[in-house]
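Chemist: Okay, here's what each chain looks like letter by letter:
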Amino acid sequence: MFKNKLGQRAVRLHKTGPQVMQEIHACIGCNECLLACPALSEPLTIDVLNRETLGGPISRPVAQFARACYQCGACVAPCPVGLHRDAMMMWLKVRLLRAGWGE
Amino acid sequence: MRKENTAGTIDRADIVIVGNGIAGLTAAVEARRFEPEKRIVIMTSQSHPTINTPALKQFAIGKITREQLLAYPPGTERLQRIHVVNTLVEEIHAQEGYIRLAGGQGFGYQKLLLATGSHPLGLPPDLPGQDFDGVLTLHRLHDYLDLRRRLNEVEEAVVIGGGSHAIETVMGLLYWGIRVHWLIRSETFLPRMLDRYASALVLEGARRAGAKVYTKTEVVGIVGRVGVVAGVVTTDQRMLPCQLVLVCTGTSPVATLARHCDIPMKHEKGILVDDHLRTSVRNIYAAGDVAALRDPLTGTYAPRAQWYAAVQQGRVAAAVMTGGADPERFGVSWHATRLGDLSMLTVGSPLASSDEVTPLVDRRRGSYRRLSLIDDRLVGYLSLGPASPDGLAIKRIIDEGLSVREITRDLLRGEFDARKYFSSKRSYAVQRMVTTGQMPTPLPPVPGIVAGERVAAPRVSARAQSLPPAPLQRTTEALPPQPSPEPPVRPLHAGSRSSASQQQSFPETDSLRKQLGAQPTLVGAEQNAAPAAGGTQEEEVELVVRVPERQFIAPPIKPREVKTDALPNPHPSRSLWHYTSKQPAVKGKGNVQK
Numbered sequence: 001m002f003k004n005k006l007g008q009r010a011v012r013l014h015k016t017g018p019q020v021m022q023e024i025h026a027c028i029g030c031n032e033c034l035l036a037c038p039a040l041s042e043p044l045t046i047d048v049l050n051r052e053t054l055g056g057p058i059s060r061p062v063a064q065f066a067r068a069c070y071q072c073g074a075c076v077a078p079c080p081v082g083l084h085r086d087a088m089m090m091w092l093k094v095r096l097l098r099a100g101w102g103e
Numbered sequence: 001m002r003k004e005n006t007a008g009t010i011d012r013a014d015i016v017i018v019g020n021g022i023a024g025l026t027a028a029v030e031a032r033r034f035e036p037e038k039r040i041v042i043m044t045s046q047s048h049p050t051i052n053t054p055a056l057k058q059f060a061i062g063k064i065t066r067e068q069l070l071a072y073p074p075g076t077e078r079l080q081r082i083h084v085v086n087t088l089v090e091e092i093h094a095q096e097g098y099i100r101l102a103g104g105q106g107f108g109y110q111k112l113l114l115a116t117g118s119h120p121l122g123l124p125p126d127l128p129g130q131d132f133d134g135v136l137t138l139h140r141l142h143d144y145l146d147l148r149r150r151l152n153e154v155e156e157a158v159v160i161g162g163g164s165h166a167i168e169t170v171m172g173l174l175y176w177g178i179r180v181h182w183l184i185r186s187e188t189f190l191p192r193m194l195d196r197y198a199s200a201l202v203l204e205g206a207r208r209a210g211a212k213v214y215t216k217t218e219v220v221g222i223v224g225r226v227g228v229v230a231g232v233v234t235t236d237q238r239m240l241p242c243q244l245v246l247v248c249t250g251t252s253p254v255a256t257l258a259r260h261c262d263i264p265m266k267h268e269k270g271i272l273v274d275d276h277l278r279t280s281v282r283n284i285y286a287a288g289d290v291a292a293l294r295d296p297l298t299g300t301y302a303p304r305a306q307w308y309a310a311v312q313q314g315r316v317a318a319a320v321m322t323g324g325a326d327p328e329r330f331g332v333s334w335h336a337t338r339l340g341d342l343s344m345l346t347v348g349s350p351l352a353s354s355d356e357v358t359p360l361v362d363r364r365r366g367s368y369r370r371l372s373l374i375d376d377r378l379v380g381y382l383s384l385g386p387a388s389p390d391g392l393a394i395k396r397i398i399d400e401g402l403s404v405r406e407i408t409r410d411l412l413r414g415e416f417d418a419r420k421y422f423s424s425k426r427s428y429a430v431q432r433m434v435t436t437g438q439m440p441t442p443l444p445p446v447p448g449i450v451a452g453e454r455v456a457a458p459r460v461s462a463r464a465q466s467l468p469p470a471p472l473q474r475t476t477e478a479l480p481p482q483p484s485p486e487p488p489v490r491p492l493h494a495g496s497r498s499s500a501s502q503q504q505s506f507p508e509t510d511s512l513r514k515q516l517g518a519q520p521t522l523v524g525a526e527q528n529a530a531p532a533a534g535g536t537q538e539e540e541v542e543l544v545v546r547v548p549e550r551q552f553i554a555p556p557i558k559p560r561e562v563k564t565d566a567l568p569n570p571h572p573s574r575s576l577w578h579y580t581s582k583q584p585a586v587k588g589k590g591n592v593q594k
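Quick note, the sequences are listed as chains E and D, same order. My numbering numbers the first residue of the first sequence as 1 and each following residue consecutively. My numbering numbers the first residue of the second sequence as 1 and each following residue consecutively.
Source of the hints: derived by calculation from the structure; they are not laboratory data. Wrong hints could be hidden among the right ones.
Stated by the list, open to error - Sample of chain E residues at the chain D side, in silico, Cβ under 8 Å: (1) Gln22; (2) Ile28; (3) Ser41; (4) Glu42; (5) Asp47; (6) Val48; (7) Gln64.
Every residue gets a Cβ at the ideal spot worked out from N, C-alpha and C, and that includes glycine.
Construct all of the structure, not just a fragment, from the sequences and the given hints.
Modeler: This is how it looks when you write it as structure tokens:
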């Protein structure tokens, strides 16, 4: 989170919350995005990632992954249904920050 | 552990769901969210928990493990107190409100959701040789487990079927290094969704990837040697040697329960349901592959056998059964998949043909896009190409009935930037819903200019309500509260459509629009885009921009001013930069250094 001309902690999102939710519901769980991810260091299943992006408590591995994600966008091209994992990860980062895990 | 056989202990539940596919489980989980106390039971004859069925192709070729197939994290059912009963439901007694299970015992329900899914059509039952070992109909987890075990021993395989399931299977086998013969009964691929050119493009892609494609070819019989498949004989008298025959000939809904219901339940191809997934029998709902929904464009009932449709229907079913929330609207169908190295996206009905529909086609550099337009509204979108555009955004455009006049060219070229577009639209649809109290109509009832007026009128009133009240209130403070501001506004608007003064302001708004188009779409943080002004200025800009649109004078398409003379985006939809034309991080750094 950086300070920009908007002043306090403004966040840039690729997509709004409802859009991200819709995309997660459309996710078929094929795992292609995680296979392409250069930042993923430990095995993580897509069902857990999806559920925790949607809501509820965020577990440690998912939080670690969300912090490791540097939004390179490598996950977007391989998605067979044309979804945007980067936007979902950004949303997860926001949720993390709101929960006070960001520091 | 996950499945408790509790059929003997409980004999009724508030919500009973038949089938634990994704529609069933989604409905159960959602229903639990609305109703923390009610008793929710899933009846299933499936021996495994809910899995991501589209990911089975990745599973078959060893890209993911079995654990990664789970659609919900392990233990979700127990955590949500959803009982899963492993049994077969045989009959519905709707008059008394109970179902009869395989053992003969009854089980009462308050609301019943049928999510029994579909079964594969397979080969015709009288086809000789179809019971040889090595003939697999791919549908369930077990079929894919079987396939996965066999892959190492197979050199040549025959795939039968002409749908996206078939091509995904073909590509998977090729990935594994198996020679593939692909038999398609019809002349083209996916004849109901793709036109001839698009189908040729897909088949060409499959050939390039190494598959041998036989169109207008069917199987006459399967040849075996000592009980194992040795080859396939086709209609053109050819014998294709192979060790594996994979059947992907489509599915049909499992509507047996609709037949075994004491009150006749309407079903044709699937169980007919309305927009709230209610069947023709009270308190019985259907969702997933088994539910035949009405297509908003054609008016015919057909099941939507797709993953996203099933998830959506599960959610709606839960909302309707519990009454916990307003169910979302389904809108038009959306289907996206990867066909080899091509991404295919179909939204709505791109092949719709009538005299009102204008098709637009773009065939450039090995990709293909087809738009179906009625007036300035999109009714169907088809895209085939290396990258797929933002399909859900396009679905939203169709569902909300937004005008695509300004983005037609981008859509046609596959360069549509959803973020840019929606950030300029922002709360327009919501505003309209609030002010008119109506959901957006997917299609104008009467196509033509009239449709424009119908949409435009409330939009003006929305503006009028949100902007001018401040000065107005000050002058009329003593007066009784204003009646609705619509009457004074509407005639004014109608007159202004042709008035000269309004047209005078046109170039100015146009230049503003141009400015806005060239601007990066992110709010704020751009040098000239009003750092501190945030709210107010943005409002103003929005207001100005809408003016030409609401007037419905000749289209402001103008001589191609969309030409953002900035660099063309080198990676359409490949990366982050698809959404932003500037790189935020770099920008911020520069500021800090100063």
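Chemist: Looking at the structure, which of the earlier hints fail to hold?
Modeler: The structure conflicts with hints 3, 4, 7, although it agrees with all the remaining ones.
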